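Now for the letters of each chain:
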Amino acid sequence: MSVTTKDIEKKEAKLREGVERTRSRRVYVPSVDIIEREEDIVLVADMPGVDDKSLDIVLEKDTLTIDGHVEETIPEGHRLTVSEYGIGDYHRVFTLSDEIDKDRINATVKHGVLRLTLPKTAAVKTRRIPVRAEA
Amino acid sequence: MLWTDRNFDNGFMESWRELERMSNALSRLSGRTVHEFPLINMWVEGDSVTVTSEIPGIDADDIEISVVGKSLSLRGSRKQDETKENEAYHRRERWNGRFSKIVELPFNVQTDRVDAKFSKGVLSITLPRAEAEKPKKIDIKSGEEVR
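So the sequences go chain by chain: W and X. For the first sequence, the numbering used here assigns the number 139 to the last residue and increments by one with no breaks. For the second sequence, the numbering used here assigns the number 530 to the last residue and increments by one with no breaks.
Next comes chain W alone, as it looks inside the complex (with noise of 0.2 Å):
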């Protein structure tokens, strides 16, 4: 059977147990493509709303923190009368591997799409095992 509507949502971020927001706004968790290389893995997240300014990206140790802040635009005396998604910053963490190149690693955002170039280091490149027919 076909069903050709794509349903989408916007998931707002768990937060862990005994942590407080300092900030009332809603998070959300931003989804992500991954894909790994040969020289190097991708990383691409949707913020829409957010720019260069407003996002942070920290690592730390093997913890990759994406922060994105975005303004709420209300427009003056508007009334908002459908709603279908949710306006917050957005917030996720991921681990790296040893194998993350962590000095290279290099960040864009265009049109609320951040795009993380993370590329492995030189040792994990060259593993490649050759394997030979035996005789």
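Note that these hints are calculated values from the structure, not bench results. For clarity, every value in this text was computed on a predicted model and none was experimentally measured. Think of the CB as a built atom: it goes at the ideal place given N, C-alpha and C, for glycine as much as any other residue.
Anything over 10 Å on all C-beta distances counts as not near chain X; from chain W, calculated: (1) 67; (2) 93; (3) 124; (4) 125; (5) 127; (6) 137.
With beta-carbon atoms standing in for the labels, derived distance ranges: (7) 63/W with 514/X: 50 to 58 Å; (8) 469/X with 111/W: 18 to 26 Å; (9) 443/X with 17/W: 26 to 34 Å; (10) 483/X with 78/W: 24 to 32 Å; (11) 84/W with 498/X: 13 to 21 Å; (12) 64/W with 470/X: 25 to 33 Å; (13) 103/W with 451/X: 50 to 58 Å; (14) 97/W with 472/X: 19 to 27 Å; (15) 139/W with 475/X: 38 to 46 Å; (16) 64/W with 485/X: 40 to 48 Å; (17) 17/W with 472/X: 19 to 27 Å; (18) 84/W with 464/X: 32 to 40 Å; (19) 480/X with 136/W: 43 to 51 Å.
With chain W fixed as given, assemble chain X onto it according to the hints.
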């Protein structure tokens, strides 16, 4: 065969849609909201309506906006990154594909005065109410003035 019988199939599709409608209504009640891409918000102020939508990762030129009567239609597509050899997806959560969404507006629109902005992946369309549709104020003349 019973299962390929057309009438049966139609009836089945009908009940499937009914089920879908019910599940959508239920998910709204439970606070979980699931909608078709792209998600929209609508703001109304007097004789003007503003529709905002989150469509990250596409160019403004790739969004087609049209208004007919009270229907606002948003169309476009978001392409997936092409995967080459030796490339593999570890996660694939982002939405991709063609979208076509119709938004029902509260009134007819002055189509030549529609304004659309696209910034940081957020589309904002302001649509003024059609002049012909605006409620006209009718002055009541008192009987004495007329005389």
